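K.L.:
So the protein sequences, as listed, match chains A and B.
Counted the way this note's numbering counts, the first sequence spans residues 1 to 202.
Counted the way this note's numbering counts, the second sequence spans residues 1 to 202.
If you're looking for bench data, these hints aren't it; they were derived computationally from the structure.
A few of these clues could be false.
Identical chains share a label here; the pair holds if one copy fits it or two copies do between them.
What the hints assert, rightly or not - Below, in silico cross-link-like pairs of lysine to any residue (SDA-like), each with a Cα-Cα straight-line distance of 25 Å or less: (1) Lys56 to Ser124; (2) Lys130 to Thr85; (3) Lys83 to Leu113; (4) Lys183 to Thr194; (5) Lys130 to Arg42; (6) Lys129 to Leu198.
Bear in mind the structure is a predicted one, so any value in this text is a computation, not a measurement.
2 protein chains.
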Amino acid sequence: MKGNLFIISAPSGTGKTTILKEIIGHIPRISFSVSHTTRPAREGEKDKVDYFFVSKESFIESRDHNDFLEWAEVHGNFYGTSKQTVMEQLEQGNDIVLDIDVQGARQLRSSSLEAIFIFITPPSWQELKKRLTGRGTDDQTTIDLRLKNARLEMKDAELYDYVIINDDISTAVDVLRAIIIEKRCKNRRAPNGTPLTLADLT
Amino acid sequence: MKGNLFIISAPSGTGKTTILKEIIGHIPRISFSVSHTTRPAREGEKDKVDYFFVSKESFIESRDHNDFLEWAEVHGNFYGTSKQTVMEQLEQGNDIVLDIDVQGARQLRSSSLEAIFIFITPPSWQELKKRLTGRGTDDQTTIDLRLKNARLEMKDAELYDYVIINDDISTAVDVLRAIIIEKRCKNRRAPNGTPLTLADLT
């Protein structure tokens, strides 16, 4: 039985990474998709585990063959999600999480891709400001940019199948987990992702 | 935001009642639909809480006006689920559970009713036999009849949106709860059933 593809977006500072950490590794048979990148591997990063590290030429060829679900160029490096990699994992009955921004999600939404689109939001504007400032990792210019982007991204929330408000982290994790379990049940799979075996009638 | 209607069926001995007890009363804003009946109230039963107690004439008039989602005659008494009662509760943003047999569910499935159909099954035939015998409440003839009915009912499992195997009670409750929470999130409601308020952008 095929796995499900979850497309998850959130404005910066919403707590998406924390929520996903509570899901991946705690629920069996769900993992992040492994992206392709042209940037060099950092110390400790493993090919095919952290990324598929590929040459610029190979990346561009794949891109031009329409082999990526989505791709982006960041600081001169390419990053992309290979259709084939995702499909192979789904065929094996594993669920895949694709953590992408609103713009990437919008593109996938208008494609024929079968996926579940989930948007995570902060509970309020004030709270988002507080969280971005409280992290202490960004200067004011960066914070202002993140807030401006959040404002734009919030407008797209309605494009998503589900909107989860991250007011309380454990509630947000519980809702995301419920969506994953519900999709498995809908696909006639058990909560752990294995196929259901119905009671024999003999 | 409107509530959801859950139609739940299970062969006798599957543990449906135990599972539903763990849901109703533990999750806010979900309750059983209150049925109409022509049988007299038993001691302690309250009108409009346990049942709507009505006369046979009134029941038949309603039935002939097509006012019931489903109805049945059992030992000379009529039982039915009023469309209006269910719709009123859904409009108030409450989720409703309708606990009916496979035959009733099949009728509703082929109607235009918007509902979520959930089938609960025993993990195996042997286990069902064991449970029915272990209850000690039924004689062998009744057990055999229940087993025969279960065999027929299992054939209809595929008509349902979801199939939950009750191998382990807490897992079965968890899956049913996940479906309820997922539907709320899909309807832009919080897990407790209240409408979501998205982050203000001012």
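K.L.:
For a quick check of understanding: which of the numbered hints are violated here, in increasing order?
P.N.:
1, 2 and 5
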